[in-house]
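For the sequence shown, the positions run 1 to 85 when the working numbering is used.
I should point out that these hints are in silico values taken from the structure, not numbers from a laboratory. None of the values given here were measured: they were computed from a predicted structure. Mixed in with the good hints there might be a few duds.
With a Cα cut of at most 25 Å, we get these calculated SDA-like pairs of lysine to any residue [stated by the list, open to error]:
#1 33 - 58
#2 27 - 6
#3 69 - 44
#4 9 - 51
#5 27 - 10
#6 74 - 59
#7 80 - 50
#8 27 - 41
#9 29 - 15
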Amino acid sequence: CVASLALGKSGILTDKKATTYSHPTSKRKEQLKNFGAIVQNDLIVQDGNIITSSNPGTAFDVAFLLLEKLTSKKNAKHVKDLMGF
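Use the sequences and the hints to build the structure in full.
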């Protein structure tokens, strides 16, 4: 969730939609904005081939989204079914 800050600092997220840790008291979204990202208030954001997420609870959803992008929607569903999702 805060790994997007490293991407932002590197310049990869300049003018890209992204998200980061979203706790109300967190300064992370402001930091991401200062790196040039277009901050979104979503749990998971994909802009092109870049995927960012807002908290550790999104790990499985991000993993399945990545699996779908790298293989197919059918394969991702099959793996989810095998894993009990």
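(message) Of all the hints numbered above, which does this structure not satisfy? Sort the numbers upward.
(response) Hints that this structure does not satisfy do not exist here, as all of them hold.
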